[in-house]
Amino acid sequence: MPQTVKAVIARSKGADVELVDIVVPDPGPGEAVVAVQACGVCHTDLHYREGGITDDFPFLLGHEAAGVVESVGDGVTNVAPGDFVILNWRAVCGECRACKKGVPWYCFATHNATQKMTLEDGTELTPALGIGAFAEKTLVAAGQCTKVEQADPAAVGLLGCGVMAGFGAAVNTGAIQRGESIAVIGCGGVGDAAIAGAHVAGATTIIAVDVDDAKLETAKKFGATHTINSRTEDVVAKVKELTGGFGADVVVEAVGRPETYEQAFFARDLAGRVVLVGVPSPGATVELPLIEIFGRGGSLKSSWYGDCLPSRDFPMLVDLYRQGRFDLDAFVSERIGLGDVEAAFDKMREGAVLRSVVELEAAK
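Per full-length UniProt numbering, the very first residue in the sequence shown carries number 1; after that it's consecutive.
A portion of the hints provided could be inaccurate.
To be verified - Calculated cross-link-like contacts (lysine-lysine; reagent style DSS-like; alpha-carbon spacing at most 27 Å):
1. Lys147 to Lys116
2. Lys238 to Lys301
3. Lys147 to Lys6
4. Lys147 to Lys101
5. Lys301 to Lys220
6. Lys301 to Lys101
7. Lys221 to Lys240
8. Lys215 to Lys238
9. Lys116 to Lys13
10. Lys240 to Lys215
11. Lys147 to Lys100
12. Lys100 to Lys301
13. Lys240 to Lys220
14. Lys116 to Lys6
15. Lys347 to Lys220
16. Lys6 to Lys347
17. Lys347 to Lys221
18. Lys238 to Lys221
19. Lys215 to Lys347
20. Lys301 to Lys240
21. Lys301 to Lys215
To be clear, the hints were calculated from the coordinates, so they are not data collected in a lab.
All figures in this text were calculated on a predicted structure; none of them were measured in a lab.
Hey, can you work out the whole structure from these sequences and the hints?
This is the structure we're talking about:
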């Protein structure tokens with residue numbers, strides 16, 4: 001039987017979010033219903049609310065989530081009722097040209113649930129990133145569920161988006177190695193996750209760059225060995241000074257602005273790797289001397305979701321967390337209720353939090 005649950009929606013562009021009743025259908029073939037235990041408040045949710053992604057209102061917000069599978073539809077074999085899972089928004093298809101080439105983290109045909117969740121009057125909802133987890137329960141494609149060892153849902157749920165994006169940008173896309181140097185421009189949640197990933201991977205020079213001294217202090221807690229305030233220091237010159245005059249082996253740009261991307265380009269070593277994980281505005285452009293692109297070699301990469309494969313990376317990172325080697329708890333700034341999402345957006349805009357995390361009753 002379909003279930004009626006509480007959830008947070010964005011009804012129209014720029015309007016405050018609302019806590020309402022929604023209807024979650026029984027899972028169909030290849031689908032699962034998940035009882036959500038925790039869900040992080042991500043900038044992407046705010047982008048949805050502001051109409052910056054699509055205009056398919058109303059949106060069911062929330063996507064950085066963990067919970068327990070309640071029921072599954074026909075043909076589901078990867079998870080079963082009772083499994084503790086982290087939700088992901090890139091459920092690989094296994095059939096597209098990327099998957100067949102052995103690079104499923106680039107999957108071009110990722111799965112979402114076929115059925116729609118609705119308002120009580122039947123209005124169909126668009127789930128954020130195909131998940132919609134600011135809800136007591138949500139319907140997803142079974143491939144969006146990754147089974148992991150039981151752990152604090154508020155912490156490990158953040159692997160569903162921002163933390164995985166940053167960690168993967170350094171480790172998967174940037175391929176940071178033991179003994180290498182890395183600079184991370186932008187020290188929000190994604191940038192701090194890149195710093196943490198570099199620390200776990202054994203980088204020895206980890207440079208945090210931001211305009212906010214408080215964020216730079218926080219970056220040290222995740223493993224930054226040096227900090228640069230770009231309001232007062234020349235980023236390129238300082239990075240080179242800290243790396244023997246050469247530049248960093250890897251530079252992660254976690255802002256998404258032309259001027260910071262240019263800093264990243266010139267702050268890398270010859271044959272170094274630049275990784276763009278910050279989300280740019282649609283009209284942003286970059287102009288670089290072509291001779292510099294040719295003469296520096298190396299690579300300029302974009303990182304999609306940290307180039308992660310959830311079935312591979314989520315269990316590994318949860319294990320590192322459980323072993324005390326990857327401090328996911330440090331990303332959780334506050335634990336809030338479903339009714340507090342709008343206030344969490346305000347704190348996000350002010351830069352007062354890394355992550356506010358909604359906790360549902362099932363997790364308490």
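(Q) Run the distance test for Lys221 versus Lys240: straight-line Cα separation, threshold 27 Å. (A) Holds, at about 23 Å.
inquiry  = Checking one constraint from the list: CA of Lys147 to CA of Lys100, max 27 Å. Satisfied?
reply    = holds, 24 Å
Exercise. Between Lys347 and Lys220, is the straight-line Cα distance small enough, at 27 Å or below?
Worked result: holds, 22 Å
Hint check: Lys147 vs Lys116, CA-CA at most 27 Å. Holds or violated?
Given pair Lys147, Lys116 holds - Cα atoms ~23 Å apart, limit 27 Å.
Agreement of Lys347 and Lys221 with the hint, judged by alpha carbon distance not exceeding 27 Å: Judged against 27 Å, a Cα distance of about 21 Å means the pair holds.
Given the proposed pairing of Lys100 with Lys301, does the C-alpha separation stay at or below 27 Å?
holds, 22 Å
- Message: Checking one constraint from the list: CA of Lys215 to CA of Lys347, max 27 Å. Satisfied?
- Response: holds, 14 Å
_Check whether the Cα positions of Lys238 and Lys301 lie no farther apart than 27 Å._
Holds, at roughly 23 Å.
Check: If you draw a straight line from the CA of Lys301 to the CA of Lys215, is it 27 Å or shorter?
Finding: holds, 25 Å
Measure nothing beyond the straight line between the CA atoms of Lys301 and Lys240; if it is 27 Å or shorter, mark the hint as holding. holds, 21 Å
Run the distance test for Lys116 versus Lys13: straight-line Cα separation, threshold 27 Å. Roughly 21 Å between the alpha carbons, so the hint for Lys116 and Lys13 holds.
*asked:* Run the distance test for Lys215 versus Lys238: straight-line Cα separation, threshold 27 Å.
replied: holds, 18 Å
Comparing the model with each earlier hint shows no violations; every hint is respected.
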